[in-house]
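Enquirer: The working numbering puts the first residue of the sequence shown at 2, with every later residue one more than the last.
Accuracy of the hints is not assured; some may be wrong.
Cβ-Cβ distance ranges computed for the label pairs, FRET-style [unchecked claim]: (1) A51 x S98: 25 to 33 Å; (2) G108 x A168: 38 to 46 Å; (3) A168 x D105: 32 to 40 Å; (4) L99 x V130: 32 to 40 Å; (5) S91 x T43: 36 to 44 Å; (6) R70 x A145: 29 to 37 Å; (7) V135 x V165: 17 to 25 Å; (8) V130 x V103: 17 to 25 Å; (9) R70 x D105: 25 to 33 Å; (10) V130 x G108: 19 to 27 Å; (11) G108 x D178: 44 to 52 Å; (12) G108 x D173: 25 to 33 Å; (13) R70 x H111: 26 to 34 Å.
Derived by calculation from the structure, the hints in this document are not laboratory data. We put the CB at the ideal spot given by N, CA and C, even for glycine.
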Amino acid sequence: MTTTTTPPRRTSTGRHRALAAVLAAAGLLAVPQAAAAHVGLTPTSTEAGAPTLLTFSFSHGCEGSATRRLAFQVPEPLVLVTPTAHPGWSVETRTESLAAPVPDGHGGQHTERTSEIVYTAEEPVPDGVRDALVLATTLPAETAGRTLAFPVVQSCESGENAWVQVAADGADPEQLDSPAPTLTVAAGAVPGHSDDAAAVEDEPTAATDEQTAATATLPAATAPLLGAGALLLGLVGAVTGTAALVRSRR
């Protein structure tokens with residue numbers, strides 16, 4: 002007698018649990034994608050007083066629409082921000098008057114500050130294609146200990162993204178829907194030559210002093226020997242020249 006075993010049937014509860022697990026996994030995978038859909042800034046931290054290159058990168062459009070324009074708002078108290086030329090983009094720098102002049106570090110004064118930099122693409126950048134734009138600046142000493150936000154408005158062929166939200170003190174910026182790129186500024190070195198730079202500048206002088214000291218400590222008996230050597234070389238040269246002259250006349 003043959004016994005047939007019927008496999009157990011999966012209940013609807015089991016199917017529902019499996020479906021819920023799949024949906025949960027899909028949701029977890031979607032979180033990093035959504036978080037990555039913003040304009041990034043590198044570096045995320047630097048020192049006050051140091052020349053800095055700020056690289057803003059993006060790889061998305063506006064709900065699939067290609068990017069045509071990026072407008073960067075320059076936070077105070079930054080004064081001078083210089084855009085880097087980028088192939089395929091035109092750039093415009095906008096300024097505003099300062100309430101009080103600011104020394105430029107070269108004996109002059111700034112009466113205006115960079116307030117906005119606008120890049121416009123000659124050909125729209127498709128959604129899913131990465132590009133990066135670079136701004137150059139030197140962070141003033143008063144920015145030490147602060148986090149600076151650089152709001153960016155991304156305009157596309159259809160629609161726009163305003164990456165302008167700034168987290169309140171103690172809040173998690175990851176919870177923002179449209180976070181602005183930020184830069185944390187640490188205390189930097191005192192303006193001017195650093196200790197390392199001064200050491201490098203002093204190295205040639207130190208080496209020259211050592212050479213002078215070594216020459217000064219040569220034994221006195223060395224001088225006659227050096228003079229005799231020079232005389233011998235002179236005699237050898239004279240004999241060689243005379244021999245050559247004789248051979249040429251023959």
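Enquirer: It remains to establish, for every hint, whether it holds in the given structure.
Expert: Hint-by-hint comparison with the structure:
1. A51 x S98: 25 to 33 Å: Hint holds: Cβ distance 27 Å, inside 25 to 33 Å.
2. G108 x A168: 38 to 46 Å: 40 Å, holds
3. A168 x D105: 32 to 40 Å: At roughly 33 Å between Cβ atoms, D105 and A168 fall inside 32 to 40 Å, so the hint holds.
4. L99 x V130: 32 to 40 Å: Given about 38 Å between the Cβ atoms, the range holds.
5. S91 x T43: 36 to 44 Å: For T43 against S91, whose Cβ atoms are near 23 Å apart, the range 36 to 44 Å is violated.
6. R70 x A145: 29 to 37 Å: 33 Å, holds
7. V135 x V165: 17 to 25 Å: 21 Å, holds
8. V130 x V103: 17 to 25 Å: About 39 Å separates the Cβ atoms of V130 and V103, which means 17 to 25 Å is violated.
9. R70 x D105: 25 to 33 Å: 30 Å Cβ-Cβ, so the 25 to 33 Å window holds.
10. V130 x G108: 19 to 27 Å: 45 Å, violated
11. G108 x D178: 44 to 52 Å: The hinted range 44 to 52 Å holds for G108 and D178, with Cβ atoms some 47 Å apart.
12. G108 x D173: 25 to 33 Å: 45 Å, violated
13. R70 x H111: 26 to 34 Å: Once the Cβ atoms are compared, 27 Å apart, the range 26 to 34 Å for H111 and R70 holds.
Checked against the numbered hints given earlier, this structure breaks hints 5, 8, 10, 12; the rest are met.
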